[in-house]
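J.: Now for the letters of each chain:
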Amino acid sequence: MNAVGLPSTFFTAPPEWRWLIIGYFFIGGLAGGCYVLAVLIDFFGRVVDRPLARLGYLIAFPAVVISGLLLIIDLRRPARFWHMMLQSNTGLPMFKTYSPMSLGSWALLIFGALTLLSFLAALESMGALRWPRLAMFRPPHVVGRVVAILGGLFAFFIAGYTGVLLAVTNRPIWSDTPLLGLNFLISAASTSAALMVLLAQRRWYWRSTVVALERFDAMVLVFELIAIIALIASLGSVARLWLSAWGALLVVGVIIVGILIPLALQWRPRLIGETWSAAIAAILVLVGGFLFRVVVVLSSEGVRRFG
Amino acid sequence: MSEPMGFFTDTTVCIGCKACEVACKEWNQLPATNGGVNTLSGDSYDNTRHLDGLHWRHVKFVEQFNADRTDGRWLLMSDVCKHCVRAGCMEVCPTGAIIRTEFDTVVIQSDVCNGCRDCIAACPFGVIGINPVSNVAQKCTLCYDRMRTGLEPACSKACPTDSINFGTIADLKKMAEARVGQLHERGEKRAYLYGADEKMLGGLNSFFLLVDKPEVYGLPPDPKLPSRHLTPGSLWSTLGAIVIGLMGLFSFRDRGAAAADALEEERDERRRTA
Chain A
90 MNAVGLPSTF FTAPPEWRWL IIGYFFIGGL AGGCYVLAVL IDFFGRVVDR
140 PLARLGYLIA FPAVVISGLL LIIDLRRPAR FWHMMLQSNT GLPMFKTYSP
190 MSLGSWALLI FGALTLLSFL AALESMGALR WPRLAMFRPP HVVGRVVAIL
240 GGLFAFFIAG YTGVLLAVTN RPIWSDTPLL GLNFLISAAS TSAALMVLLA
290 QRRWYWRSTV VALERFDAMV LVFELIAIIA LIASLGSVAR LWLSAWGALL
340 VVGVIIVGIL IPLALQWRPR LIGETWSAAI AAILVLVGGF LFRVVVVLSS
390 EGVRRFG
Chain B
-1 MSEPMGFFTD TTVCIGCKAC EVACKEWNQL PATNGGVNTL SGDSYDNTRH
49 LDGLHWRHVK FVEQFNADRT DGRWLLMSDV CKHCVRAGCM EVCPTGAIIR
99 TEFDTVVIQS DVCNGCRDCI AACPFGVIGI NPVSNVAQKC TLCYDRMRTG
149 LEPACSKACP TDSINFGTIA DLKKMAEARV GQLHERGEKR AYLYGADEKM
199 LGGLNSFFLL VDKPEVYGLP PDPKLPSRHL TPGSLWSTLG AIVIGLMGLF
249 SFRDRGAAAA DALEEERDER RRTA
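Here the protein sequences come in this chain order: A and B. If you count by the working numbering, then the first sequence holds residues 90 to 396, one letter each, in order. If you count by the working numbering, then the second sequence holds residues -1 to 272, one letter each, in order.
One chain only, chain A, in its complex shape:
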């Protein structure tokens, strides 16, 4: 292969971020997205919408715990995970404002603490924990409002920083566009709404709340489609890497299965019967969101260094 004319990113080595990292990107996105949705519902919804917000809090905390575990297991020296937070030789905090991984480590820790408070409050509100004071960690209590606002901001960060982390490298595709953070954030929102719609197919969630969530997901899916097209355009000549099985997976798995079919099911629920339409659309959105991360991560990992 003639290397002359290749972009500089093709002379770098892959970091071997694979399934554990893909899993983190997906589950971390769900944690952030579900928390954001829960906060939005708590602040702007009606009282009858609150059970759905509770569902968001109940998803977010376990998802953060799983995310942290995936990240730690992926380290080549997992026992040194704390080196992300503390300088191992001085014990002072280790924090770099210009390293997305450093920022992300701290954000995950703080977000984890906030989701725990919201999780406990959610358990209390459904009667699983009998400690009334826990209700203060959820709106409308003033402490709960502070927790929710801070948690919501960190949730947005967790949902999007992973794409920025990939962009702040020198690998093909990842560092050939500044739009990965945007795309990951939108995908986190769409998959989170889909997961909540899927889990809210039970009797005790108000139908109108779930319909609002479905409508939100449809809007986000349109936004996601536009963002993916912008992502491909922003890659320029590097987009040729997706003239491959990865590109086919992106078009079929992410765009058609994960976006267009769910939108069609939203638009015409009777296509496959109204009973199952929303649930199937939600499952497809989740599959598409996962495949999007698979395509982004593995298509770059598959580019071996030249030279």
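What the hints contain is simulated information worked out from the structure, not anything from laboratory work. A virtual CB, placed ideally from N, CA and C, is assigned to each residue, including glycine. Accuracy of the hints is not assured; some may be wrong.
[What the hints assert, rightly or not] In silico lysine to any residue, SDA-like type, Cα no more than 20 Å apart, as pairs: (1) B:Lys222 x A:Val93; (2) B:Lys23 x B:Pro158; (3) B:Lys222 x B:Gly200; (4) B:Lys197 x B:Leu233; (5) A:Lys185 x B:Met88; (6) B:Lys211 x A:Phe395; (7) B:Lys211 x B:Thr229; (8) B:Lys222 x A:Arg393; (9) B:Lys172 x B:Glu186; (10) A:Lys185 x B:Thr229; (11) B:Lys222 x A:Ser97; (12) B:Lys222 x A:Arg394; (13) B:Lys197 x B:Glu213; (14) A:Lys185 x B:Pro158.
[What the hints assert, rightly or not] Simulated restraints, written as ranges between beta carbons of each label pair: (15) A:Ile162 x B:Asn45: 27 to 37 Å; (16) B:Arg146 x A:Val392: 32 to 42 Å; (17) B:Asp143 x A:Val311: 56 to 66 Å; (18) A:Val392 x B:Ala176: 35 to 45 Å; (19) A:Val311 x B:Gly40: 46 to 56 Å; (20) B:Glu61 x A:Ala353: 24 to 34 Å.
[Said to hold, decoys possible] Short derived list, chain B residues pointing at chain A, Cβ under 10 Å: (21) Phe63; (22) Glu89; (23) Ala95; (24) Cys111; (25) Val134; (26) Tyr192; (27) Asp195; (28) Val241.
Using the hints provided, position chain B relative to the given structure of chain A.
T.: Below, chain B without anything else, positioned relative to chain A:
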């Protein structure tokens, strides 16, 4: 801080003996085989193939032959970490394991690194790799331990043709410019320096004299810092967060009279079915 130190590698006098590779492995106690396995490339005299956590020096064999192999040449280059003045690996390292030494070189502290591998993706030259023995990211230290005691790095000490030159950056630049001038005088007009000036990542403390395009040697033509996307990537994400926040607000806010009616109907239905 002592004066910045580094390497000037004159590829035109490299004979591909690999003494530098062997000396590096011996001094740094790097295993000769990968997990006890000898891997042969099968299509080249170069079986090392690239720099990584076990190979901190690599003699590249650039074999340029025509289709019937009646004409050709070998370009040989002893590659190594560039010890960039503005180092991408240092930028992204979340543990502070990668430091700049008093010699202006870049060193990974093995006892601090936790193997996150962000530096591998960030290095514009594909220099860093995980050492499967220590399970941390490793690369050339420019023999920091030898320099501390006034010794020359093992690779340049072992180089029999002075292709690898070690010294202060100021002295090396003078030497390199003189060598380029000499080659130009002798008719080798293609000779030029790669990474000697500050335009490339603030300057490479390991720079090279090449006689073909960088890509031919497996070097990036325009290496950049990973942080170039930090601000634009963050701004685009923030914009996305605002749009999604507004979508959520419009979806879940008081959904008007129609929604209220729907809610009332739903309540009635629940009462009926309860």
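J.: A separate judgement is required for each hint: does it hold in the structure or not?
T.: How the hints compare with the structure:
1. At roughly 17 Å between alpha-carbon atoms, Lys222 of chain B and Val93 of chain A fall within 20 Å of each other, so this suggested pair holds.
2. Under the criterion of a C-alpha separation no larger than 20 Å, the hint pairing Lys23 of chain B with Pro158 of chain B is consistent with the structure, at around 17 Å.
3. Under the criterion of a C-alpha separation no larger than 20 Å, the hint pairing Lys222 of chain B with Gly200 of chain B is consistent with the structure, at around 10 Å.
4. Of the supplied pair hints, the one linking Lys197 of chain B and Leu233 of chain B is violated, its CA atoms being roughly 27 Å apart against a limit of 20 Å.
5. Distance restraint check for Lys185 of chain A and Met88 of chain B: the Cα-Cα separation of roughly 11 Å lies within the 20 Å cut-off, and the hinted pair is therefore satisfied.
6. Distance restraint check for Lys211 of chain B and Phe395 of chain A: the Cα-Cα separation of roughly 14 Å lies within the 20 Å cut-off, and the hinted pair is therefore satisfied.
7. With a C-alpha separation of about 32 Å, the suggested pairing of Lys211 of chain B with Thr229 of chain B is violated against the 20 Å cut-off.
8. Only pairs whose Cα atoms come within 20 Å are accepted, and Lys222 of chain B paired with Arg393 of chain A is accepted, the gap being roughly 19 Å.
9. For the proposed pair Lys172 of chain B and Glu186 of chain B, the alpha carbon gap of about 19 Å is at most 20 Å, so the pair holds.
10. Between Lys185 of chain A and Thr229 of chain B the alpha-carbon distance is near 14 Å, which keeps this suggested pair within the 20 Å criterion.
11. Between the alpha carbons of Lys222 of chain B and Ser97 of chain A the distance comes to roughly 8 Å, so the proposed pair stays at or under 20 Å and holds.
12. Restraint check for Lys222 of chain B and Arg394 of chain A: satisfied, since their Cα atoms lie roughly 16 Å apart, inside the 20 Å limit.
13. With a C-alpha separation of about 18 Å, the suggested pairing of Lys197 of chain B with Glu213 of chain B holds against the 20 Å cut-off.
14. The suggested pairing of Lys185 of chain A with Pro158 of chain B is violated, with an alpha-carbon distance near 43 Å, which exceeds 20 Å.
15. Look at Ile162 of chain A against Asn45 of chain B: about 33 Å separates their beta carbons, and that is inside 27 to 37 Å.
16. A beta carbon spacing of about 38 Å between Arg146 of chain B and Val392 of chain A agrees with the range 32 to 42 Å that was offered as a hint.
17. Between Asp143 of chain B and Val311 of chain A the CB atoms are about 59 Å apart, so this pair conforms to the stated range of 56 to 66 Å.
18. Take Val392 of chain A and Ala176 of chain B: their Cβ atoms lie about 39 Å apart, and the range 35 to 45 Å holds.
19. The hinted range of 46 to 56 Å is satisfied by Val311 of chain A and Gly40 of chain B, whose Cβ atoms lie roughly 51 Å apart.
20. Checked against the hint of 24 to 34 Å, the C-beta distance between Glu61 of chain B and Ala353 of chain A comes to roughly 55 Å, which is inconsistent with it.
21. Look at Phe63 of chain B: its Cβ only gets to about 13 Å from chain A, farther than 10 Å, so that hint breaks.
22. At about 6 Å, the closest approach between the beta carbon of Glu89 of chain B and any beta carbon in chain A falls short of 10 Å, and the interface hint on this residue holds.
23. Here the hint on Ala95 of chain B is kept, as its CB sits about 7 Å from the closest CB of chain A, short of 10 Å.
24. The beta carbon of Cys111 of chain B is positioned within 10 Å of a beta carbon in chain A (closest approach about 7 Å), and the interface hint is therefore held.
25. Checking Val134 of chain B against chain A: minimum C-beta separation of about 6 Å stays under 10 Å; hint holds.
26. Annotation: Tyr192 of chain B was flagged as interfacial toward chain A, and the flag is violated, the nearest CB pair being 12 Å apart, outside 10 Å.
27. The interface hint given for Asp195 of chain B is violated, since its Cβ lies 17 Å from the closest Cβ of chain A, which is over the 10 Å cut-off.
28. Satisfaction of the interface hint for Val241 of chain B is found here, the shortest Cβ-Cβ separation to chain A being roughly 7 Å, below the 10 Å cut-off.
Consistency with the previously given hints fails for numbers 4, 7, 14, 20, 21, 26, 27, ordered from lowest to highest.
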